[in-house]
Amino acid sequence: MQDDRRHIASAFDRDLEAIQALIMKMGGLVEASITEAAKALATRDEELAEEVRLNDKAIDELEERVNEEAARVIALRAPTAVDLRVILSVMKMSSALERIGDLSKNMAKRTGVLVQMPQINGSTTALKRMAREVEAMLKDALDAYIQRDAELAQDVIDRDGDVDQMYNALFREFLTFMMEDPRNITACMHLHFIAKNIERMGDHVTAIAEQVIFLRSGEVPGDRVKHDLITPDAGPEGSGGD
Amino acid sequence: MNDMRVIERDVDVTETKISARGVQVYYADNHAIKDVNVDIEDKTVTAFIGPSGCGKSTFLRCLNRMNDTIDICRVEGEIRLDGEDIYDPAVDPVQLRAKVGMVFQKPNPFPKSIYDNIAYGPRIHGLARNRAELDEIVERSLRRGAIWDEVKDRLDAPGTSLSGGQQQRLCIARAVATEPEVLLMDEPCSALDPIATSQVEELIDELRANYSVVIVTHSMQQAARVSQKTAFFHLGNLVEYGETGKIFTKPEDSRTESYITGRIG
Ligand SMILES: Nc1ncnc2c1ncn2[C@@H]1O[C@H](COP(=O)(O)OP(=O)(O)OP(=O)(O)O)[C@@H](O)[C@H]1O
Ligand SMILES: [Mg+2]
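Protein chains in written order, with this note's numbering: chain H, 1 to 242; chain E, 1001 to 1265.
Derived from the structure by calculation, the hints contain no laboratory data.
Here are the simulated lysine to aspartate or glutamate pairs, DMTMM-like style, with alpha carbons at most 25 Å apart: (1) E:Lys1250 x H:Asp13; (2) E:Lys1250 x H:Glu151; (3) E:Lys1246 x H:Glu219; (4) E:Lys1250 x H:Glu17; (5) E:Lys1246 x H:Asp13; (6) E:Lys1246 x H:Asp149; (7) H:Lys139 x H:Glu51; (8) E:Lys1250 x H:Asp143; (9) E:Lys1250 x H:Asp149; (10) H:Lys109 x H:Glu47; (11) E:Lys1250 x H:Glu219; (12) H:Lys109 x H:Glu133.
Work out the full structure: start from the sequences and follow the hints.
This is the structure in structure tokens:
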């Protein structure tokens, strides 16, 4: 999985593989969470939204386990060089995945509120498309990790710009709706927070892709330029996370 | 890469203490060291790592001409200590070894009392004017060797009556007693328990304030803990030499990476 050259102590290989398998499992749950949350929003499915919220617990538990395993490997095997980078990267990735899970859960919570209100035309389709793009990026980032494919990882990082553009477009759209009819404000605020959540997910996916490049080169790629309109320089953790 | 260990003891700006150029070592037909070039810095701990038989001890012994004592051994190239060629015929190897002390892989106490093991060097180099001064040097050295408490009540007992780990610390104490400028240590902790190992590592770090220390070790963790520079040897070649933090996080050569991460190949 990580390096063609095996460790002399095969248990070390097994430890590293086990911890990366946990990350992949976590990644699978987070991908599903994004899909379901977007679907629940688009189909105004309260039950599915509730399920997404409940499933987040499993993601949190996996994050705990990854951190425990990583601590164990550090204590028992004193990893160096590429092994050390594997451990550092899984810790960063698990925390990024956990954050994405939280954002997805928050999206499901807002869906629960939105279904009680009249629908805003067309808006959820665009949100679903945006969520689908982020999910595809996540899938590619995880594939890039498994394959140690720095090129694919760079591609994911580049695509985050598209997500930022989608967010900007939605932001303007929601603004227009709100100005047209103040009765739309509550629903549009929720929709806007959802869009912001998805945009933040893209940032966390980018952080995962950066870990692939770090693994390969030992260097974390330089600062990215943010393309969205309202994130100030230091970028707060979205407005809707919990 | 910068060394991030900011809490390490501060030292002056480093300068080259020993410089080796084009060093070749042969044992009869066995070409044991192949064209090694390296600058060992003053006030720095340098670790030599590498698989068994790669030539670490051989190269270490070149640095104080210990290989002179091996008949079939031939050393070529140039090694300078503070700019002076140590293989110059005018150099007295005994004087050289007072400046460049050594702790061997296997403990080798003299068949003398614990006290005399330490006092021997300072006596022949005239470092003490009287018995009281000599006593002081002996106690200070044994303390630095992390063995004072265990032997202070039996300084007259033979050095060989100590356990293996105690003998090794006695030899370390003996090596620092003459205040060498360079201390060469060949796996000094291989017979020591973790407490004594920590004490020796602390000593090494202390010595760094004034001396240049070169340590051969098979423990990657020890190399990482005590050294600022690391040299990786492989089949008689110096494959990679650089800042220890870099070697252990981002080695350049795949042979170095395989070795430190415990991989085959
Ligand atoms: N006294 C000697 N006479 C003949 N050959 C020797 C002698 N000492 C070392 N060699 C040879 O030189 C090569 C390097 O040995 P050296 O002892 O320097 O390795 P090393 O890196 O210190 O190994 P280790 O980690 O096992 O101590 C080996 O091939 C060894 O057989
Ligand atoms: Mg040796």
